[in-house]
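Q: Got chain A sorted already, so can you dock chain B onto it with the hints?
Top line first, the protein sequences correspond to chains A and B.
Following full-length UniProt numbering, the numbering of the first sequence begins with 1 at its first residue and continues without gaps.
Following full-length UniProt numbering, the numbering of the second sequence begins with 1 at its first residue and continues without gaps.
These are computed hints drawn from the structure, not numbers from a lab.
Predicted, not measured: the structure shown is a model, and the values here were computed from it.
You may find that some hints are simply not true.
Here are the simulated lysine-lysine pairs, DSBU-like style, with alpha carbons at most 30 Å apart [what the hints assert, rightly or not]: (1) K131/A with K166/A; (2) K315/A with K116/B; (3) K955/A with K872/A; (4) K990/A with K139/B; (5) K33/B with K999/A; (6) K184/A with K166/A; (7) K999/A with K116/B; (8) K365/A with K425/A; (9) K1010/A with K33/B.
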Amino acid sequence: MAAAGAGAEGPGGALRGWVRDFVSGLQDGRAAEVAAGVKAGSWTILEIVEALGSCLENTEPRTRGRGLQLLSQVLLQCHSMLQEEEVTHLVLFYENRLKDHHLVIPAVLQGLYALSMCEVLAPGLAVSVLKAIFQEVHVQSLPQLDRHTVYSIITNFMRTREEELKGLGADFTFGFIQVMDGEKDPRNLLVAFQIVRDLILEGYVLGPFVEELFEVTSCYFPIDFIPPPNDPHCIQREDLIVSLRAVLASTPQFAEFLLPLLIEKMDSEMQSAKLDSLQTLGACCTIYGQKELQEFLPSLWSSLRREVFQTASEKVEAEALAALHGLAACLSRSVLSSDTEDLLDSFLTGILQDCRHHLCEPDMKLVWPSAKLLQAAAGASFRAGHRITSSVVPLLLEQYNQHPQSSQRRTILEMLLGFLELQQKWGHEDEEESALLCSQAPLCSVLFSALTDPSVQLQLVGIRALTVLGTLPGLLAPPDVQLVVDHLTRLILHADDSQSCMAAMEAAGSLAPIYPGAFTGRMVQRLAEELQSEREEEGRRSTHSLRARCLQALAAVSTHPGIVQETVPVLLQCLQQVPKGNVPARACDVVAVCQSLQRVAVQCQRDAESCWYYHQTVVPCLLAVAVQAAMQENAHSPLGKLLLEEKVLTAMVPIVSAASAHLCPELAAQSVSQVVPLFLDGEVSFLPQDSFPCPFQPFQGGQHVAAQRRLVALLMAFVCSLPKNVPIPQQDRLLQELLALSCSCDCPFTATAAAKCFAGLVNKYPPGQQLDQLLETAVNRMEAGLAEGPLRTQALALLLWVTKALVLRYHPLSSRLTDKLLGLLGDAELGPAVADGFSLLMADSPDVLHKGCHADVRIMFRQRFFTDNVPKLVQGFHAAGPGVKANYLKGLSHVLNHLPRPVLVTELPTLLSLLLEALSCPDCVVQLSTLSCLQPLLLEAPHVMSLHVDTLVTKFLGLTSSPAMAIRIAALQCVHALTSLPIPALLPYKPRVIRALAKPLDDMKRLVRKEAVVARGEWFLLGSPGR
Amino acid sequence: MVGPAPGGGSPLENANPLIYRRSGERPVTAREKDDELPDSIDDREIFDLIRSINDPEHPLTLEELNVVEQVRVKVNDAESTVVVEFTPTIPHCSMATLIGLSIKVKLIRSLPERFKVDVHITPGTHASEHAVNKQLADKERVAAALENSHLLEVVNQCLSARS
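Just chain A, same shape as in the assembly (with noise of 0.2 Å):
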């Protein structure tokens, strides 16, 4: 159009065309075209000047102002391109412009917020155009778009031409003052309040105008502004008090204007002007120094004091709290001159005046206010810590010998804990200087005494008060110490209530790394004297407790290399008796040593020499305790198959899983060069005891080997748990092994072990032509296994377990075996099982192919899932005969079950109706997961939900009278979740679902009626006033 316009006139002709339709007012599109042609080099600025000619000279000022503003339409596109000359003359010529008519300086001002943006800019010109501005516009008589222009203007001038503003001195801050002077828009706020920001932080003159300056913006303080409905800007309260407060509290000088302004405000009655005024305080106190508070120091500590003592919400209190530890850190960093006066001291003294007696009141009604403005002043520093603590402990130390109540001496020493919780802070810097000292004496005599009350609650606090003070230097000695470790030990012995015992535990894990003798010393030779004597009590109906106890005690104190090295022997004996019949042996009790010592493992991770001291002394240990029971099976030694039990088996393998995960690679290869040969040779050489009855052949046929087999379990735990890069020996001979015990053994738990073992071997295989043959042998076996025959279930375990660890890594192969699994849902027989399966598939399983045994796991493996299976999961269902459709909804259930809510919230639409359905499967595991399901749901897309409220409602209510107690709380959630809803969709339902829950209220369980209460309640309030 261009070309065309210019060929016909050229190209000047075109140009006056344009501006003609321009300034008539017919075109704004011109503009725009006008500008391309000087981008495109068709015109220069000056050619556009002079076909504006007459029209800029117009007696008209609206054709004056059309013509101004086409010539600055293009200056804001082509400013870049102007060469300084130009610039230089434009600048002159709008400057003089800004003398015309109103309704010419938009278009004047665009123009030169056009130019500010020009680098070629001559010196001088920035601030000649400013004072121009600050000469010639009233700014605040201007629309909202224009004043935000000016603002951008200095804006762009500031950030390009910082020098020469600075030359114009404390006339640019007036000049500012003025132009901001009464402005109200919340947008040219945040402008402007970010220009006085820049001014004040780049060093900017204020001159004699720091008072102006303070005045027109502190004006503002504190924001009271709310935002319209609908407002397209987003301008949020918070995003103006932010950037307010950015101004205030940027310089000291205003200090002696704005501390009174906070003090008048904290003393108003609005809570938003308080929280505000003490937030403001706070942010001054990190730039302020003494000089600046000095003066108003007593008034804000009564103000802050007042809005503590008489709190009317936890959120002023808490910023108070804040403010007065700000204030209380800023005078005791400010730095003095030998002349003046340490304020510091002078205003702790006066807070520990008005706070001290409060705590030695007998009502006790402001101690806790008092001891939380105390504690944060002591907070502060290291000195105002000293000062406050050494006058506030002793002064609680003789409160809690003078209040004889329980409950009262619990409160004192709450507060007592909070102060030592305090040194903790600063406790490391001076061990010799801590306020503590002189009150250690009396201080651990109340903590002993609190030990002994008969009240737990206030055993509780004394126990971790004693944990915070055997974590400050020097405030035990050693007889204390033993102390201490004689009353934890006696509370996790004797304790009547599991509280304290559980307390007592976790303080000795806490105190054992610093005491690590005392510990041993007393406490571990305790425990283990306790396990062995209690053989002769036997009889008495708390020997089981107390062995527990130990078990778990020994555990929690395992927290010091040289206390692990003591205990996991104490621990190792009990398994190995076990067999030898001295100790009463039950499943549950190998299980909790199993426990414990599954504990320390986790506890020595951290510890690489640890670590490997585990890994040495418990692994040998357990697969000689594990295999010596498996040949004694043969002479059917009762004792012998305990070892052996599922249960028992399935709690050691977290243990030799946690001691071999955080192995380093080449210790761990110098282990698993060891175990693998004992299991495919049965090399019994490094294990502590080697004379057995006869070999270990777990993998080889023969008789009596299939207590052997069952330590496969060991294996899987040991090899599984193996970084990556470890390399295991004969590893294909041991996978075929695996694969071919998975599909040919007929105990289950043995089968299924060697299939996890296989697939997490699988997992981490690497890719190439090697895995692919594995797995085809592997597919091949599987296929004959489930065609049919007596192990079935065992080739569909190994199905499930391969799939999950291709699944997990993204193997190509993953979608065939799924693909298979989703084939089997319809199988009447397996059908069940493979449903089941799926939840198996989604979830974190606990001792293979997770993270924390370094299996390949993807991140978006679950929604990967999702997105390729549940379009076929669906359409089966459909397809599915009525015997079977349950599996397919069972399956559907566990998918959605484990999917992250964000992905099923966007999928609910197209599932919904199966859900729905899903509520009327007579099948207990649907039902519980569909509920499960839908609970999220009905918060986070009530919209969506409420168009089939009616069947919601009915099926709920329906479920509410199930025979299983986790169905009915689940139905009872969801009746609750659905007032969650937009309230005209429900309360046509109100009186029938009030009426209904009248029932579960009677239900014969008590967590049922919890729920039953919860919903109804929420029911009442529906669409009644007050809610």
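A: The following block gives chain B in isolation, referenced to the frame of chain A:
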């Protein structure tokens, strides 16, 4: 049947009450998780129903203000009776009736219909104890009170879950 409304700028009657610790969630026992064994309704269960009711004038629960205590709750599941005594924070508390009403409404909404619910003031803790108890025991008055939408609003606020 109730005195002045709370809030509305009038000064609090008891501006600085003593605050008590909340008891934790009731731990779930193995027996409670067993599908087959019945759990009877006990004092703690009733206490759990009312302890989280909000006080009409403080942002605190009745438990935190010690207005209700577990020892002042008596339930007999077999005979279907519940007796709750509550203790106003100060003897002239004008909120006493409102608090009693909230407790009563909460129990009526939360207990099976077979229960007879008796809510009254702990003897000797309120100036007009007798009058308040009489109002709380009068079924018709309670019903009428709940017809009053303003009163219902305050009661519902007390019973709403704290956000």
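Q: Would the pair K1010/A and K33/B pass a check requiring their Cα atoms to be no farther apart than 30 Å?
A: Between K1010/A and K33/B the Cα gap is close to 13 Å, so the pair holds against 30 Å.
Q: With the threshold set at 30 Å, check whether the alpha-carbon distance from K365/A to K425/A stays at or below it.
A: Between K365/A and K425/A the Cα gap is close to 29 Å, so the pair holds against 30 Å.
Q: Given the hinted pair K990/A and K139/B, is their alpha-carbon gap at most 30 Å?
A: holds (23 Å)
Q: Measure nothing beyond the straight line between the CA atoms of K999/A and K116/B; if it is 30 Å or shorter, mark the hint as holding.
A: holds (16 Å)
Q: Is it true that the CA of K184/A sits at most 30 Å from the CA of K166/A?
A: holds (27 Å)
Q: With the threshold set at 30 Å, check whether the alpha-carbon distance from K955/A to K872/A stays at or below it.
A: holds (26 Å)
Q: Below or equal to 30 Å on CA atoms is what counts here, so check K315/A against K116/B.
A: violated (42 Å)
Q: K33/B and K999/A were given as a pair; does the straight-line alpha-carbon distance stay at or below 30 Å?
A: Holds: K33/B and K999/A sit about 20 Å apart, inside 30 Å.
Q: Does the structure keep K131/A and K166/A at a Cα separation of 30 Å or less?
A: Distance ~13 Å between K131/A and K166/A Cα, so the pair holds.
Checked against the numbered hints given earlier, the structure breaks only hint 2 and satisfies all the rest.
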